[in-house]
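Peer 1: Here the structure of chain A is known, so what remains is to put chains B and C with the ligands in place on it, guided by the hints.
Going line by line, the protein sequences match chains A, B and C.
In terms of the numbering used here, the first sequence is residues 1 to 290.
In terms of the numbering used here, the second sequence is residues 1 to 290.
In terms of the numbering used here, the third sequence is residues 1 to 321.
Treat the hints loosely; a few may be bogus.
Unchecked claim - Calculated lysine to aspartate or glutamate pairs in the DMTMM-like style (CA-CA distance at most 25 Å, straight line):
(1) Lys97/B / Glu156/B
(2) Lys246/B / Asp217/B
(3) Lys262/B / Glu37/B
(4) Lys16/C / Asp217/B
(5) Lys19/C / Glu37/B
(6) Lys19/C / Asp180/B
(7) Lys16/C / Glu158/B
(8) Lys124/B / Glu289/C
(9) Lys117/A / Glu295/C
(10) Lys262/B / Asp99/B
(11) Lys124/B / Glu91/A
If you are wondering where the hints come from, they were derived from the structure by calculation, not from laboratory data.
Please read all numbers here as calculations on a predicted model, not as lab measurements.
Listed below, chain by chain, are the residues.
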Amino acid sequence: MFIQQVMNGLTIGGVYALVAIGYTLVYGVLGMINFAHGSIYTLGAYFAWTAVARLGFSLPLAFLFSLACSVLVGVIVERTGYYPLRQATVENQIICIFGLSIVLDNLIMLIWGTVPKSFPSDIVPDWVSVGVAKFSPMQAIILLLTLVILLVLYLLVYKTKTGLAMRAIALNPEAASLMGINIGRLRLQTFILSAMLAAASGTMIGAYYKIISYNLGLSTVIKAFVVSILGGIGNISGAVVGGLVLGQIEGLGAAYVSTGYKDAFAFVVMILVLMLRPNGLLGTFTREKV
Amino acid sequence: MNSGLEVQQIKTMENKETNLPSSTPEAASPLLLDAREVTIRFGGLVAVNKVSFQLHENEIVGLIGPNGAGKTTLFNAISAQVPLSEGSLTFRGPEGKIDLTRLQAHDMTRIGIARTFQNIRIFKRMTVLENVLVGGHWRYRQPAISIMLGQRAYREEERKRTAEAMELLELLGLARYAHDPARSLPYGLQRRLEIARALATRPRLLLIDEPSAGMNDQETMELVDFIQNIRRQFGLTVFLIEHDMKFVMSFSQRIIVLSSGKKIAEGTPAEVQRHPLVIEAYLGEEMDYA
Amino acid sequence: MVKVLAETKALKFLDKRRKWLLVGALLAVAAVFPFCVQSSYLVHVANLALYYSIVAVSLDIVAGFLGEISFGHAGFIAVGAYTTTILNMRVLPDSWISFWIALLAGGLLAALAGVVVGIPAMRISGQYFFVVTMGFGEIIRFILLNWQSVTNGAFGITSIPSPSIGNFVFTERFHYYYLFLVILLLMIITISFLRYSYIGRAWIAIREDELAAEAMGIRLTYYKVLAFSISSFFAGIGGGLLGSYLNFLAPSNFLALESIMILVMVLLGGSGLIYGALFGAFLMTGFNEVLRPFEQYRMLIIGVLMMVLMFLKPRGLLGRE
Ligand SMILES: Nc1ncnc2c1ncn2[C@@H]1O[C@H](COP(=O)(O)OP(=O)(O)OP(=O)(O)O)[C@@H](O)[C@H]1O
Ligand SMILES: [Mg+2]
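Isolated chain A (complex conformation) (with noise of 0.2 Å):
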């Protein structure tokens, strides 16, 4: 019971890594919050679903198709909502990004209804008994899936030109603007990865629990906000961290506290994190110079 819990956790956990990190770049990177994320990951899950469900694609399939169709959703709501306000206040940034993860959320509404779509049962075996041990291959199959994309995003953003200008451009954007980076092309990269980052993880979660709302939004961005608090903001290792711990928080809160409070327990913890270390688990605290 107990062990099965925490692989729950580790694989929710992963899966809220993947999100965290792409609504932490786009902080780093962009500066801004990314109130869309939530919706950019729904919209992921509901390509995957589509592809699965109404084109008969197989389930890898699928999560290519989502990853394909997050790319052209990331460059419309980058230039939509988060390009034109680049110098506004940050008050204009969250209603406007905010409106705009509304409209997302209602399209999908009005796109695929408002009842929940679920998966077909049939695309991964539940269970399968080894020994004792009881073991899902969906979970074996997320795991895996999350440790390649970190993998792959730890490659591009540790080893690559590209990579290495987003950190610049994170640590000190004047600088980086200074250095010849292009900074348009570079925030629409940034966007882009994030956006793919939202439906893969979208898809992942979709396929685990198998139903899928078109509301599931700002119970994702919430999570994002949180595990980035908690790993400190625009950290990706952080991320990591934060999305395993929440992970497990959830899993086990939900297992030995009570289910009600589910999706309480990362405010909570949030909030905690917060007054305890301003600046995440591992981060370090800076004030504002005269």
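Peer 2: Using the frame of chain A, we list chains B and C with the ligands on its own:
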């Protein structure tokens, strides 16, 4: 006009204090601020390094030094906006000696220290009058409930403070802008407003950070007169950071020179000007005072 | 009251005489409105607009004066609503005074919640303030959903009695109309007093420049928490009134989306102006009603509206610059 009254009030306050035993018998006027071995570190960077100096009442002292010498940081320490790493700062307040390191930034106006900032920090979307009224903030006594119920005691208090603020604006030649938004003032007047706001706190020590930044010679000379006038009228001690040597030499009684966080010289303008370390520190800079 | 309202500098963009005229005309219209329209539906819409005005203006203290984006206002409204209702129905003796005591208690408990949330929320930097407030709002909702013995969970509390004064019972919609109107006016006067006092100036100073405000002797935490608690107090009062008006309360009245809608009202009209929040509340409520036949598209249109507004009028419809 009542402005004479105001000056008188301050004068009587001082007279009372001069009866107190002075801690520096050799000085002409009593000691106001005593800085001993003040050290401020930011991580590995030592911004201010074992700086000791004293300020006496009614003095006007210049603080000069090349860029990054630690001048602003020293001000931040005196106004408790940056913590001391080592050393002590003692201020002779209305009721005896005060250890400044135990106070918080918002306590400073109460004991009689006010400051301006290097890059003007007035409240832009408030009127000029309101900016000055904020300077009087600490002297309000009526509680929130009295305001909410519109009680006479509060309206009385507000009327008195507003009259005082108007008087101050009158004195500083800002009265006709009283109801304009502060951001609509031209640059030079914004500087002046920032000083007015500081004066409204009724300080005994006024810290002015690079008042002539961004001004031409003509404006700078006007500013010299202005500062000397207010010092005389309000019986203040002025501690002033300056970059423009000509300016600071023209009216400081004493000058303290910082370089790379260390105090390298102190004395009258003439003494400092001849000091070999000062010449060395300023080598390559314009030296247009010579 | 006309005089006090006219004297508050909240409308100082007009010259004094036109300000008087406008305020007087608005009050006159407001005073006779229920008798001019013969439709009970329109009075109901006006009541909703007045309720939203109460909560939007109360949010303006935090969102406008202090300049902190709060996404948890529905949480404070919920605290006031449930406290008032539960105290009135189950705890206090059966008397007409009980409701008013309960209403005050609801406001005070909401204010206390404001302090409890405010202190940790103030310790974090501006951008993440709204996440904490949203978290708070959601936590309140989860408590309401799960603490079934007291709140009756998702089913909510039904048959909430109408308030009364002596033998007069607020039964008709237009009764509530005047109740809401009086409370809204009292609140606006109180908040205007605060805005143009040293406390209001301290809030604005903090919004404009925390560091300079601190150097001018303003205790940041104290004034932020004060703003938060006064704002929550009025939100709680609004909640208590809402429960008695709808005769029904459920956690679904207080979704995060509700908080966001209230914030949009404030920003739509123009934050920090009081009359901006008022205008936004009326506009948004009207908008909601007009869009009712297109229920499916309502949120979509609101979302588009939010975006367009931020492009075209970043300071709100009545805000300048
Ligand atoms: N809050 C801070 N955190 C880290 N480093 C700081 C901070 N404030 C100042 N410094 C560093 O301390 C050093 C001294 O800075 P300071 O602003 O005091 O110089 P200054 O003498 O006022 O220079 P200028 O003439 O340019 O205003 C600089 O190297 C600066 O980068
Ligand atoms: Mg400086």
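Peer 1: Each hint needs a verdict: does it hold in this structure or not?
Peer 2: A quick look at each hint next to the structure:
Between Lys97/B and Glu156/B the alpha-carbon distance is near 34 Å, which puts this suggested pair outside the 25 Å criterion. Distance hint between Lys246/B and Asp217/B is fulfilled; the C-alpha atoms sit about 10 Å from each other, no more than 25 Å. Of the pairs offered as hints, the one joining Lys262/B and Glu37/B holds, with about 10 Å between alpha carbons and a cut-off of 25 Å not exceeded. At roughly 43 Å between alpha-carbon atoms, Lys16/C and Asp217/B are farther apart than 25 Å, so this suggested pair is violated.
As the CA atoms of Lys19/C and Glu37/B are separated by approximately 60 Å, the hinted pair breaks the 25 Å bound. Proposed proximity of Lys19/C and Asp180/B is supported: the alpha carbons are some 19 Å apart, at most 25 Å. Proposed proximity of Lys16/C and Glu158/B is supported: the alpha carbons are some 21 Å apart, at most 25 Å. About 39 Å separates the Cα atoms of Lys124/B and Glu289/C, which puts this hinted pair outside 25 Å; it is violated.
Restraint check for Lys117/A and Glu295/C: satisfied, since their Cα atoms lie roughly 22 Å apart, inside the 25 Å limit. A distance of roughly 22 Å separates the Cα atoms of Lys262/B and Asp99/B; the hinted pair therefore holds under the 25 Å criterion. For a cut-off of 25 Å, the pair hint linking Lys124/B to Glu91/A stands: about 18 Å separates their Cα positions.
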